[in-house]
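Asks: Now for the letters of each chain:
2 protein chains.
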Amino acid sequence: MSLIVTKFGGSSVATIERFKAIAQRIKKMQDEGNEIVVVVSAMGDTTDDLIELAKATGSKLSGREMDMLLATGEQQSAALLALTLNNLGCDAISLTGWQAGIISDSTYRKAKISDIDTNRIKTELQSGKIVIIAGFQGITPGGDITTLGRGGSDTTAVAIAAGLGADRCQIFTDVDGVFTADPRIVPDARKLSFISYEEMLEMAILGALVMQPRAVECAMLNNIDIEVLNSFNNNPGTIITEVGNMEQDRVVSGIAHDLNCAKIAIFDVPDQPGIAKTLFKALAEGGINVDMVIQSAMRNNHNDIAFTIDRDELPKALPVVEALVKKIGASDYAYGDKVAKVSIIGAGMQTNPGVAADMFEALADEDINIHMISTSEIRVSCIIDEEQTKKAVLALHNKFNLNETEQN
Amino acid sequence: MSLIVTKFGGSSVATIERFKAIAQRIKKMQDEGNEIVVVVSAMGDTTDDLIELAKATGSKLSGREMDMLLATGEQQSAALLALTLNNLGCDAISLTGWQAGIISDSTYRKAKISDIDTNRIKTELQSGKIVIIAGFQGITPGGDITTLGRGGSDTTAVAIAAGLGADRCQIFTDVDGVFTADPRIVPDARKLSFISYEEMLEMAILGALVMQPRAVECAMLNNIDIEVLNSFNNNPGTIITEVGNMEQDRVVSGIAHDLNCAKIAIFDVPDQPGIAKTLFKALAEGGINVDMVIQSAMRNNHNDIAFTIDRDELPKALPVVEALVKKIGASDYAYGDKVAKVSIIGAGMQTNPGVAADMFEALADEDINIHMISTSEIRVSCIIDEEQTKKAVLALHNKFNLNETEQN
Numbered sequence: 049m050s051l052i053v054t055k056f057g058g059s060s061v062a063t064i065e066r067f068k069a070i071a072q073r074i075k076k077m078q079d080e081g082n083e084i085v086v087v088v089s090a091m092g093d094t095t096d097d098l099i100e101l102a103k104a105t106g107s108k109l110s111g112r113e114m115d116m117l118l119a120t121g122e123q124q125s126a127a128l129l130a131l132t133l134n135n136l137g138c139d140a141i142s143l144t145g146w147q148a149g150i151i152s153d154s155t156y157r158k159a160k161i162s163d164i165d166t167n168r169i170k171t172e173l174q175s176g177k178i179v180i181i182a183g184f185q186g187i188t189p190g191g192d193i194t195t196l197g198r199g200g201s202d203t204t205a206v207a208i209a210a211g212l213g214a215d216r217c218q219i220f221t222d223v224d225g226v227f228t229a230d231p232r233i234v235p236d237a238r239k240l241s242f243i244s245y246e247e248m249l250e251m252a253i254l255g256a257l258v259m260q261p262r263a264v265e266c267a268m269l270n271n272i273d274i275e276v277l278n279s280f281n282n283n284p285g286t287i288i289t290e291v292g293n294m295e296q297d298r299v300v301s302g303i304a305h306d307l308n309c310a311k312i313a314i315f316d317v318p319d320q321p322g323i324a325k326t327l328f329k330a331l332a333e334g335g336i337n338v339d340m341v342i343q344s345a346m347r348n349n350h351n352d353i354a355f356t357i358d359r360d361e362l363p364k365a366l367p368v369v370e371a372l373v374k375k376i377g378a379s380d381y382a383y384g385d386k387v388a389k390v391s392i393i394g395a396g397m398q399t400n401p402g403v404a405a406d407m408f409e410a411l412a413d414e415d416i417n418i419h420m421i422s423t424s425e426i427r428v429s430c431i432i433d434e435e436q437t438k439k440a441v442l443a444l445h446n447k448f449n450l451n452e453t454e455q456n
Numbered sequence: 049m050s051l052i053v054t055k056f057g058g059s060s061v062a063t064i065e066r067f068k069a070i071a072q073r074i075k076k077m078q079d080e081g082n083e084i085v086v087v088v089s090a091m092g093d094t095t096d097d098l099i100e101l102a103k104a105t106g107s108k109l110s111g112r113e114m115d116m117l118l119a120t121g122e123q124q125s126a127a128l129l130a131l132t133l134n135n136l137g138c139d140a141i142s143l144t145g146w147q148a149g150i151i152s153d154s155t156y157r158k159a160k161i162s163d164i165d166t167n168r169i170k171t172e173l174q175s176g177k178i179v180i181i182a183g184f185q186g187i188t189p190g191g192d193i194t195t196l197g198r199g200g201s202d203t204t205a206v207a208i209a210a211g212l213g214a215d216r217c218q219i220f221t222d223v224d225g226v227f228t229a230d231p232r233i234v235p236d237a238r239k240l241s242f243i244s245y246e247e248m249l250e251m252a253i254l255g256a257l258v259m260q261p262r263a264v265e266c267a268m269l270n271n272i273d274i275e276v277l278n279s280f281n282n283n284p285g286t287i288i289t290e291v292g293n294m295e296q297d298r299v300v301s302g303i304a305h306d307l308n309c310a311k312i313a314i315f316d317v318p319d320q321p322g323i324a325k326t327l328f329k330a331l332a333e334g335g336i337n338v339d340m341v342i343q344s345a346m347r348n349n350h351n352d353i354a355f356t357i358d359r360d361e362l363p364k365a366l367p368v369v370e371a372l373v374k375k376i377g378a379s380d381y382a383y384g385d386k387v388a389k390v391s392i393i394g395a396g397m398q399t400n401p402g403v404a405a406d407m408f409e410a411l412a413d414e415d416i417n418i419h420m421i422s423t424s425e426i427r428v429s430c431i432i433d434e435e436q437t438k439k440a441v442l443a444l445h446n447k448f449n450l451n452e453t454e455q456n
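Top to bottom, those sequences are chains A and B.
If you count by the working numbering, then the first sequence holds residues 49 to 456, one letter each, in order.
If you count by the working numbering, then the second sequence holds residues 49 to 456, one letter each, in order.
Keep in mind that the hints were calculated from the coordinates and are not lab data.
One or more of the hints may lead you astray.
Which copy is meant is left open, because identical chains are indistinguishable; a pair holds if it fits in one copy or across any two.
Claimed, not checked - Derived DSS-like pairs: lysine-lysine, alpha-carbon spacing no greater than 30 Å straight-line:
#, residue 1, residue 2
1, 447, 329
2, 447, 325
3, 364, 329
4, 177, 108
5, 374, 170
6, 325, 158
7, 108, 76
8, 375, 160
9, 239, 170
Since the structure is predicted, the reported quantities are computational estimates derived from the model, not experimental observations.
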């Protein structure tokens, strides 16, 4: 008998018909002798509809009351899945985040789980019940409802798996797992059987939106293996695990690309101590996340500074930059929103020098100009023109032989 | 400074525009120096929509999971009203039933409030906040969410007013108060300034659906005055209070009618001890509420027994009756669904004999045949043909001079 924590979200819980399909899958797991905890997201458009209602009140969409409102979506899903399972003759009980003992801080709309009291879950499992938990939510020590922010249901599942010491943690999505590249761009992209936490984190952050980074971090911290599976079929998925569980003969595991990029350049920034701090602090205070940064070689005691941000934050960023240019005495600024980021990711890079050079060569062979470069131990990213994204991803996928049969 | 508990439900919370209107009203009360607790129902069709989803799962619409599902509607309303008030610059906080300390038994879908722990509400009031409470819900001592059944939000408001020792308890509806008869039938029906708990209970049970009986009972038990007001205007409403607070010169306070009636007759029931018990126990076990009962004079050791039930329970009742007729050896049964109940209600009846005779005379003068009669200390009800309802109500309203200026 295994204890399995399994999460269903997105299109897996879009309609009551989908609830019936996943209920059959859950029933089968139980019939095979397993103890089951299920974490669910809100149905279809529920969260968006609630946000629309909140907008109509004229209020800010933040703070305690938004979480009171939004947490109802997952509570509804959990109750409906329990009803669906009961109708199949399974004994199921739904729990809200607070009933499931998920304690969080009080950073409303992106609260972090601080503790899990698994007593209630364990009691219900021991009485033979399938336990359905409303994802994405917790409770502060003072008794206020919080939501965990984007990808919160994934995090709920991983945290509960850790708290219970579960044998398996499954995240059901609408894709077969983690691919070497986006199959819509690379037709012969291959599904990976395994990927390390670190690689998955880079993939997730860089735009391959299978799993939310916070959930992967939580799994890495607690050393929980995650299986990413497709709720629409029975194909084997991808297991996210620690790098030591994998053979180390893959230098590059995948190619990620991200079109939500914009580039801003500020010209002739005076070369004074603290000027970068002023610049990036102002952007941070404006709620703008800066990704890559390049400072050009000094010329007459002035630098050019370029950086990238999420493209959808450009309207928020430009007024901040405009004000800063005047304040710090720079000469001018420019921006471009037709850029993209392509990245190669692989835990094996750490022990294989020359991978970055191979990447630049592959892009050069396709006449793709590189605007900016950034690297981490297991990743190399390049900013290129957006219109060359597809060509770049295909060239890199080919260069690193990612279409070949998996060796791991 | 007064502590006011005020409840908004139905069309008062149907749309965000209505939330804005009631928020202005609440802000005004606070600006006048009062402490405010607001109880809200679910918006518009929310509860019906959730029931439709539950139906689609194929499950029974009962038990713990239904309450998990349905309680979200009021939680959403409470959060949205808090957001609306925050947007007006008022400091408001929403509380679920369990956050507000509303403890209930575990009779899901019609739980009864067993206790209220008002600590959290008091703390929030002391910090100057308007406290918005999700009506219709509670929590069991074991930590499971319950709903209080039909009219539950009215009961929440009255119970909280009692728990807090509030100065006023206001129930906002979409009518101006309690009328001497349904104004859609009697054009010169008059709004009552005062009505006693007992009269209101009879009115509520008999189909004048301004207030739910359970809430009136709760107010009577705790000696809380309730003001029934219209959220769409500023007219004075009706105060529901103990009879001692009113002058006693009204014999009949109002006329109620109820079209949700059906009559069933069972013929030639053997006159044996326990036969009535068998009959009404079987109906009760079938979930069918019996209202009026008549047993005809005995004839050859057999009786005819007739009773009325809610018309919408007829499809459920007929198979039970059919089986019973065979079981107890009765000869046959018949039913009629074209009947209605008209009633006169008045606390003054207790000290004014002859009121029932006046009622029968008024009906006879209009050639209205009376099928069944039942009485209580402050009520006389007659079952008549449905098509004569309007004529009967008008005649009774006129007979007891209810269109005259109020004397109380």
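Asks: Is it within a copy, between copies, both, or neither that the alpha carbon of residue 447 lies no farther than 30 Å from that of residue 325?
Replies: So residue 447 and residue 325 fail the 30 Å test inside a copy (39 Å) and across (87 Å) alike.
Asks: At 30 Å max between alpha carbons, let me know whether residue 364 reaches residue 329 within a copy, between copies, both or neither.
Replies: Answer is within: at 15 Å inside a copy they meet the 30 Å cutoff, but 70 Å across does not.
Asks: First find the shortest C-alpha distance between residue 239 and residue 170 inside one copy, then the shortest across copies, and answer within, between, both or neither for a cut-off of 30 Å.
Replies: neither (35 Å within a copy, 57 Å between copies)
Asks: Classify it for me, residue 177 with residue 108: is the Cα-Cα distance of at most 30 Å met within a copy, between copies, both or neither?
Replies: The answer is between: 18 Å across copies meets 30 Å, while 40 Å in one copy does not.
Asks: Evaluate residue 374 and residue 170 at a C-alpha cut-off of 30 Å and name the case that applies: within, between, both or neither.
Replies: For residue 374 and residue 170, the Cα distance exceeds 30 Å both inside one copy (60 Å) and across copies (51 Å).
Asks: Checking an output row: residue 447 and residue 329, CA cutoff 30 Å. Within, between, both or neither?
Replies: Classified as neither: same-chain Cα gap 39 Å, cross-chain 81 Å, threshold 30 Å.
Asks: Reference check for the pair residue 108 and residue 76, CA-CA at most 30 Å: within, between, both, or neither?
Replies: The answer is between: 22 Å across copies meets 30 Å, while 45 Å in one copy does not.
Asks: As a check of your reading, is residue 325 near residue 158 (CA-CA no more than 30 Å) within one copy, between copies, both or neither?
Replies: Classified as within; 26 Å inside a copy, 60 Å across copies.
Asks: Using 30 Å as the alpha carbon limit, work out where residue 375 and residue 160 are close: within a copy, between copies, both or neither.
Replies: Close neither inside one copy (36 Å) nor across copies (64 Å); limit 30 Å.
When the structure is compared with the earlier hints, violations turn up for hints 1, 2, 5, 8 and 9 and for no others.
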